[in-house]
Amino acid sequence: MKNSKKRILFGEYIVGSGLAAALKLKPKEVVNEVKKSELRGRGGAGFPTGLKWESAAVQKADQKFIICNADEGEPGTFKDRLLLMEHPGKILEGMAIAGYAIGAHHGIIYLRGEYVYLKKGIEERIDHMKATNLLGDKILGKRFNFDVEIRLGAGAYVCGEEFALIESLNGRRGEPRNKPPFPTEKGYLDKPTVVQNVETLCYVPYIIANGAEWFRTHGTMKSTGTKLFSISGDVENPGVYEVELGITVRELLEMVGAKDTKAVQVGGASGICVSEKDFDKPIAFEGLPPGGSIIVFNHSRKMLHVLENFMEFFVEESCGQCTPCREGNYRLLEGVRLLKKGDCTVAYLRDLMELARVMQISSKCGLGQMSPNPFISIIENFKDEILYS
Amino acid sequence: MELIPIKINNKEIKVKKGTTILEAARQNDIRIPTLCNHPDLEVAGICRICVVEIEGMRNLQASCAYPIEHPISVKTYTEKVRKARRFNLDLILAQHYGECYSCVRNNNCELQSLAKEYGVNFYRFPHIKEPRYEIDDSSFALVRDPNKCVHCKRCIRTCLDLQEVGVLETAGRGYNVQVQTMLDRPLVELNCVYCGQCINRCPTGALHANDPSDWVWEAIDDPEKFVIIQTAPSPRAAIGEEFGLPAGTSVTGQLNTALRRMGFDRIFDTNFAADLTIMEEGSELLWRLEQKLVHGKDIKIPMITSCSPGWVKFAEHTFPELLDHLSSCKSPQQMFGAVIKTYYAQMAGIDPANIVTVALMPCAAKKFECNRPEMVDSGYKDIDYGLTTREMAGMIREAGLWLPELPKSDFDHPLGLGSGAGLVFGATGGVMEAAIRSVHLIVTGRQVPFKNMDVTPVRGMEGIREASITFENTLERYKFLEGVTLNVAVAHGIKNARQVIERVKSGEGNYHFIEIMACPGGCLGGGGQPIPTSPEIREARAQAIYAEDHMLPVRTSVENPEIQQLYKDFLGEPLGHLSHQLLHTHYTPRGRYTM
Ligand code: SF4
Ligand code: SF4
Ligand code: SF4
Ligand code: SF4
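Those protein sequence lines, which keep their order, are chains A and B. The opening residue of the first sequence carries number 0 in numbering that gives the first Met the number 0; numbering runs sequentially from there. The opening residue of the second sequence carries number 0 in numbering that gives the first Met the number 0; numbering runs sequentially from there.
So that you can see chain B by itself, here it is in the shape it has in the complex (with noise of 0.2 Å):
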């Protein structure tokens, strides 16, 4: 790679050739400051927060976009320098329309500290006093509040290039210049996934997510009810960023103490959930091949997973075609809550009628899977209330809670049991290792043949990845699978989502079982997660949640031994009659562009 000599501010550095300016300043630890700049997404270089000047040209460049092929002499904070940055901020802040104190991203703004690094202590331009625009609120998912857009467009990015899902676009010209949703409808009227990747990249609180809290602080102060809440392993390999600590802290002890003192009645564990899909789903996933191959029936292979309901809601949208081949599957959260309001409720003698579900999740799309008209096989809403983890982070500070300073304790028994495998679901590629797991033990009667079973050619952060496992010396139930070999695939993000799907229809992906998750990195890149984040931050995430899987004494779903009792006691076996009826589903062919 051929190596560029270049100066900024005096400093001799050599960087690679392509290198853009800013990448080389932060190689050397020289700041400049960025606004429309997002590490997950393409260069558009429009705010124009962080030009700089290059000796002899008479404009300042924007060192984003700014890749370096000859020699050049950078200089990053002279006086026009200094001055260019103030007055677009000043520019931007003057159509800002919205209040610090009031905001979601008070004090995780980059506006707000961007004015703070710039020493803004005044408007230079007279600044909008009534809000332009009206605020979009209409799904359970999202909130966009347009009157605190900067038109970075990093949420347009995110939606089209990202995710390649699209419902965002620039509208008008000039003064006039929108971030518009598509036709400048309604969220809730568009194909939009509710995956939140536009809020997890949005600078400001321009985008948030519709926050429950209020309600769930409602059901905890009435004494009537009995609240129930679930914690994913995503939030908990998350949420101790919200309180400062570095990215890939597992907080899971403190956060059931957290839960605990805030005045939650049961505290459960999403990964007991997880374990029950893979129950089911493993069990389908067999059932499906053994017709297929067995008995020759026309049953649609591959499997694709089913609890992600972003990849949910854009099969429904996009692929209609396909549904079929999504696991009948409801998602763990759903899962547990049916399981909560019928079994639970049984056992503990509750009147389901007062219990309410909380879910603390890592996702936006989470909330909309919830309020789906469908989820209420428990003859109740099956979960009532989605908490991102930001949410719930604003949720224990306004306890009075300080997350780190607090001693660690357990989950509440039974349903507060997940084994390892439940707990990987929540980086991309988890619910396919799981299911591996189970599937392998279900029938060789062994456990997987790799080293600490971790299923590592399913792991990574690649957009798409593919593995093969051949079953040998099967179990007799299972002879129809000796010296066959699974093929599956792995894609998380939508973009890919969409690659794989479009492998499959040409023929020429070859998979019996396909896992998909709608954000980047699986759950712990989740649309509810803390912002900010990059590559770096999401496989910190996964490392703490791979970690805490070789801690846990039982690796898989089947080995459960609150499963088990489950199964035993109340529910029969997977895919029998109540299973069908409590934990499966349906799905519904939606438009291509709209609901």
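If we strip away everything but chain A, and leave its shape as in the complex, we get (with noise of 0.2 Å):
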């Protein structure tokens, strides 16, 4: 960890004090102090934390669930890895919390088959968290139960979808189901189920121990709190860093010492990617999305090649259910070869833009809805060099 300023994450904290405050409250008002802090999740779609386990705790029923997403498959993206290694107690802290909040009792991490390795690790994690009584039964005196499994994936992007994830659980094939009804009423094994990354689990026990409002003295008015970034590519430190949202492009080159860049790839392979007029933007909700990773690229790279890699990935990784995902992402990847070969007129290269906004708004799941996006974004940010060398 090269140069991150220490903030919420890898900064000081009690083991067993955000729990240990939270059953001081009442559910809801932790799900109130949730909301409060303005939580919005980090896998990639950003939805308000508080607001989806407000709606599963209102939920009637028998059981409930607690998701942890640990199926990290973005390229370029191994935060959670780094997480799951180095803090599965705040992880474990923040699915009990969420347990608690919504009434759930179990607790299921589904952790993606390349990751077999950390298993025991968590597992001697979750054994400790029993033995101090932080898991199990009547934890920490209280009159509430909850205990955590560890499930592996089979490895399929789509899988990071809550739905796809779901479907995988309960033996299926993971694909997205439609919505409503959401996983929050309908999710695992049919009951009322929270599905929540690793990153935004960890940010919870420290919300709860010091509260909404200390959180939101970090990052912007709308994007409370910091944000993991793995940051890669044509940077001389590359690594993960802990930064507060809101920061800009051109801080975070700086802070990871990138030189002579020409292109930055914002949120991931689903980002959008944005050339030096765009540097000065932040990366936050309301700015450059920000998504797990942050791939640098310097003026030695050619953006079309760039582009070409990206869409194989989603070509590969569509599940192939709807339409639009499963057919446009190959023909964008077809066109894409097309330029490189200069073989594709204008018209047509509008005709794939179009395509592309379509499955942006058509598409069943945020897999085929996000996808489109480094396409536009390179196409549209390096018009000059696709269309005139």
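If you're looking for bench data, these hints aren't it; they were derived computationally from the structure. Treat the hints with care, since some could be wrong.
Unchecked claim - Cut-off 27 Å, straight-line C-alpha distance, at most; resulting in silico cross-link-like pairs (DSS-like, lysine-lysine):
1) K478(B) <-> K178(A)
2) K291(B) <-> K178(A)
3) K178(A) <-> K129(A)
4) K190(A) <-> K16(B)
5) K16(B) <-> K185(A)
6) K185(A) <-> K79(B)
7) K15(B) <-> K190(A)
8) K79(B) <-> K178(A)
To be verified - Computed footprint of chain B on chain A; a stretch qualifies when at least three of its residues, placed anywhere within it, have a C-beta under 8 Å from a C-beta of chain B:
9) 282–291
10) 304–317
Even for Gly, the Cβ is constructed at its ideal location relative to N, Cα and C.
With the hints in hand, could you dock these two chains into one complex?
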């Protein structure tokens, strides 16, 4: 962790303090505190965490579930791996607090298959927390039980999508379902389920221990808190950084020692690719999308080549269920290849841009809605290079 | 029920909470096009053709999969919507390999209609010029041409959710996603029951039946051959749909004329063989009851019907331990073949080697059935070719005939007279109804105690129906049934069949006799019937069949004079020696998942 200013996650924390504080409150108060913190999901979609909990909390059901989405599959992203390795206690605490808030007694960590080597460490952490009464029965002497188990995913990018993940846990093909009903109404085993990304859960104990007000002092008005980024590409110091939301691209580049930068892919593969003119924009929910990874390209890179890589990834990873994503990504990739060969007319490129927009608004899940982002942004931001060189 | 005020295209309407946008639109005569949606199937929401715009939402929503819970304002044809539909359609077309004029679904294809509706007159994207996948025509029943598949998964949902057989699955991801058979094996190696229900719900020509019409024409055109066709009641109640008539128009008389003009040498009524089946099956039931009740023998009760070859194959795969419960009777189709190539050949003085027997059936599995190796008891293939309703319609058109315009004419005789009991075989519950009518008459000497002889408790479209009938004042011969209550059950669709069998196995269902049909609605909903299908269409066909039953002079199989003649001249008596040889069969336990 070079040069990361220690912020929330990598700052001081007394184990168990968040959970202890939560159990002193009523479940509803916990939900309200999280709502007030304006914490938004760090998985990509940025849905307000408090609202999600609230909608699960009001459901009447004999069973509810908290699922930790540890299926990190974004190219260039490894921040969840780091959290799972170094901060499993915070994840587990976050899950228990969420469980208390919505009335769930069972948590599942859906662990990416490739991360199986992390399983042992997390399990040891679970055992340790049980031994210290932070998990298990009558946690901290209160009438609250919470257990966590680990399940391994088969490793499909789409299983990062809530429903695909749940379907895969239900033993079916990992494909998104129609919403509504949302998982908070009918999720795992058709019971109310809150799916939360690893990083999001890690902030929860801090919010409860230190208060929503404190949390809101970080980040911007609309994007509270900090955010972890896996920063890679043409930089001197790649790695995982925790930064305040609202940081500009330029600040970020400086921090990691990036020189001669031509383009920055913000928000992971499905994020957007910006050029110099946008380097002063903030990375936040109201600015450039704060996904998991940031990839930096210097002037030696060819943008069509970069784009081809992204589109190949999506053609592979689309679940293939809905038309726009299954066929559309393939057409976009084909288009990039035509452009590379110089065989794409301007009229056809216009069609492809329209296709990309149609995919954004008509795909069934986030994957197909976001996968055209790099296509649109690279074509728009690097038009000169693409069309005239 | 809570009503929610919504707006569709600015029109204010109220809908029941939970209604989907698509349903709401249809209830108000607003058309939203669909592709992956089907009234018989679970919602999938995957083709993205039915997308609409909801005020305040950035993304378009699939109207089929959006239940209305709050007041919303929906627009169904904004620029965004039209563009999205058109692009998604263009994407599908680019991947679709096939030419309409050589396609079995030409003029009755949902993809084709959509392309027309959306004014597609060019390919927006480079479209494939070579087939990507092999065609699977390994079975007698089904042909799969994945090159024409649009990935709507209607077939998968049919096979998995509706039928609970589960032969089809999604394989691969992304661009390489494919609808495949289990483990990508040819259908003939799998536990597919050949019900053809997936065909009926496929919007394109990617699934169709294995069509023998060329061979049938060849036989007709061969002066040496004497071609005899039998027609089942369900096709007659449905084939009019292929000529633009509303569902539920019976065209038996016109069809006879058409077949005669096409050159079939004799036209017989499958109802005749259905009556024969009831004679044998009813007698078998009484025999089983007597063995059990009077002699205390270990005879399998309940007896289960065996005239649905889809059901039979399912039982062979899934419940091989229960095969002794299946009636040993062949289906009407096969009984007829055996009788034609023996009794009729003799009577008419024709060498059975020159007789070609064709069966017009509502069914895909019948094609498999007539090719079962054991179906040769006449010394020849009992039935040479099974034609579906759709295929027959094609042949009629090819002959230049327009069915609705033809005069009516009768079947040939003998073997052309069927009772109303044989007729109702076409609807779910029909075999049961026919059996009850005959068995009651045999046991008590009186007609069934139902108004108009309609055994209504076994009718209807519920998945599983149960009924009981108590025998009173029995004839001397059947004294052992005095006061005995016969418990019966009827199931249609493999999913319901499985449930009934589970009830039997758990001891919960205390039945004596069970009717099972593989297809929803029974034969009238068979896999060879006109497309489209829906609950309403199947209901209309059922009504056509029941109405015709009322008009027939003979309503029970026992009273059919041509049947009586057959026993007198040839067979002797039900379950007699010759009957056993020609009309009964045995079953083959098969693997759980394969052959
Ligand atoms: S958008 Fe892509 S990943 Fe999502 S459902 Fe559609 S095909 Fe599957
Ligand atoms: S499936 Fe439909 S669109 Fe395709 S060739 Fe056949 S009729 Fe034409
Ligand atoms: S014919 Fe019936 S069993 Fe076979 S694949 Fe189709 S639906 Fe399934
Ligand atoms: S075979 Fe037919 S029903 Fe099945 S997915 Fe393809 S187009 Fe749809």
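Mind checking the alpha carbons of K478(B) and K178(A) for me, to see if they're no more than 27 Å apart?
The given pair, whose Cα atoms are some 63 Å apart, is violated under the 27 Å limit.
Are K79(B) and K178(A) close enough, with their CA atoms no more than 27 Å apart?
holds, 21 Å
Can the restraint linking K15(B) and K190(A) be considered satisfied, given a maximum Cα separation of 27 Å?
holds, 24 Å
Under 8 Å between beta-carbons, do enough residues of the stretch 304–317 of chain A, three at least, approach chain B for the coverage claim to hold?
Check passed, 5 qualifying residues.
Keeping to a limit of 27 Å between CA atoms, is the pair of K185(A) and K79(B) held or broken?
violated, 31 Å
K178(A) paired with K129(A) [C-alpha distance capped at 27 Å]:
violated, 36 Å
If you look at each residue in the stretch 282–291 of chain A, do at least three have a Cβ nearer than 8 Å to any Cβ of chain B?
Result for this restraint: violated, n = 0.
Between K291(B) and K178(A), does the CA-CA distance stay at or below 27 Å?
Given pair K291(B), K178(A) is violated - Cα atoms ~56 Å apart, limit 27 Å.
Is it true that the CA of K16(B) sits at most 27 Å from the CA of K185(A)?
Roughly 17 Å between the alpha carbons, so the hint for K16(B) and K185(A) holds.
Is the straight-line distance between the alpha-carbon of K190(A) and that of K16(B) 27 Å or less?
It holds: about 21 Å lies between the C-alpha atoms, which stays within 27 Å.
The structure is inconsistent with the numbered hints 1, 2, 3, 6 and 9, although it conforms to all the rest.
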